[in-house]
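Trainee: Construct the complete structure from the given sequences, taking the supplied hints into account.
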Amino acid sequence: MNQNFIDGLNCISYGLYIVTSSFEGKDSAMIVNTLFQVTAEPAKVAISVNKESLTHDIIQKSRIFAAMPLEQKTDLPFIGRFGFRTGRNFDKFAGLNISRSALGSPIVKEHTLSFLDVKVEKEVDVGTHTLFIGEVQDAKCLLLQTEPMTYEYYHKVIKGKAPKGATHH
Numbered sequence: 010m011n012q013n014f015i016d017g018l019n020c021i022s023y024g025l026y027i028v029t030s031s032f033e034g035k036d037s038a039m040i041v042n043t044l045f046q047v048t049a050e051p052a053k054v055a056i057s058v059n060k061e062s063l064t065h066d067i068i069q070k071s072r073i074f075a076a077m078p079l080e081q082k083t084d085l086p087f088i089g090r091f092g093f094r095t096g097r098n099f100d101k102f103a104g105l106n107i108s109r110s111a112l113g114s115p116i117v118k119e120h121t122l123s124f125l126d127v128k129v130e131k132e133v134d135v136g137t138h139t140l141f142i143g144e145v146q147d148a149k150c151l152l153l154q155t156e157p158m159t160y161e162y163y164h165k166v167i168k169g170k171a172p173k174g175a176t177h178h
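All residue numbers for the sequence shown refer to our numbering, where the first residue is 10 and numbers rise by one.
Be a bit skeptical, because a hint or two may be false.
Distance windows between CB atoms, simulated [claimed, not checked]:
hint, residue 1, residue 2, range
1, Val47, Ala111, 19 to 25 Å
2, Cys20, Arg109, 35 to 41 Å
3, Glu161, Gly136, 22 to 28 Å
4, Arg72, Gln46, 18 to 24 Å
5, Cys150, Leu105, 17 to 23 Å
6, Gln46, Asn98, 21 to 27 Å
7, Leu153, Gln12, 26 to 32 Å
Here are the simulated DSS-like pairs of lysine-lysine, each with C-alpha atoms no more than 30 Å apart in a straight line [what the hints assert, rightly or not]:
hint, residue 1, residue 2
8, Lys128, Lys118
9, Lys70, Lys35
10, Lys70, Lys53
11, Lys60, Lys35
12, Lys70, Lys60
Simulated from the structure, these hints should not be mistaken for laboratory data.
Quick reminder that beta carbons are idealized off the backbone N, C-alpha and C, glycines included.
Mentor: Structure follows, in structure tokens:
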């Protein structure tokens, strides 16, 4: 892709989210920048997940995920814990304050504004990624009166880079 093409894509507004899932005692998590509400009644959301990620495999098997928008003041090491390392050989949850959603996904309570507990209803293969579409079973605010992290803020202020396999460059 040429730089003009990449710059054009970078104008699309995104947030940054931790997405978690669990299957047969194995927890997984990753950072995604593509989460959107599909319907209001019933509330449904979609996420885009790289097929090479462990979290993709666990969502596919468990048919559940939780999504948590990050607060703007989240630092790069915290983001990197979920976005730059694989759960295949690193425990992303070690030392963190977590709880469980009703469906069983880990809920990270540090630097997250809220959580959505989602039951997957449909998958759409989009090449390198899968869109997981599901109905929100529960949602709750965790932090009040703080700004959400946007992908633009992550790039321009935190100076973060998109890891290999990210939805967006």
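Trainee: Please name the hints from earlier in the document that this structure breaks, with their numbers sorted from lowest to highest.
Mentor: 6 and 7
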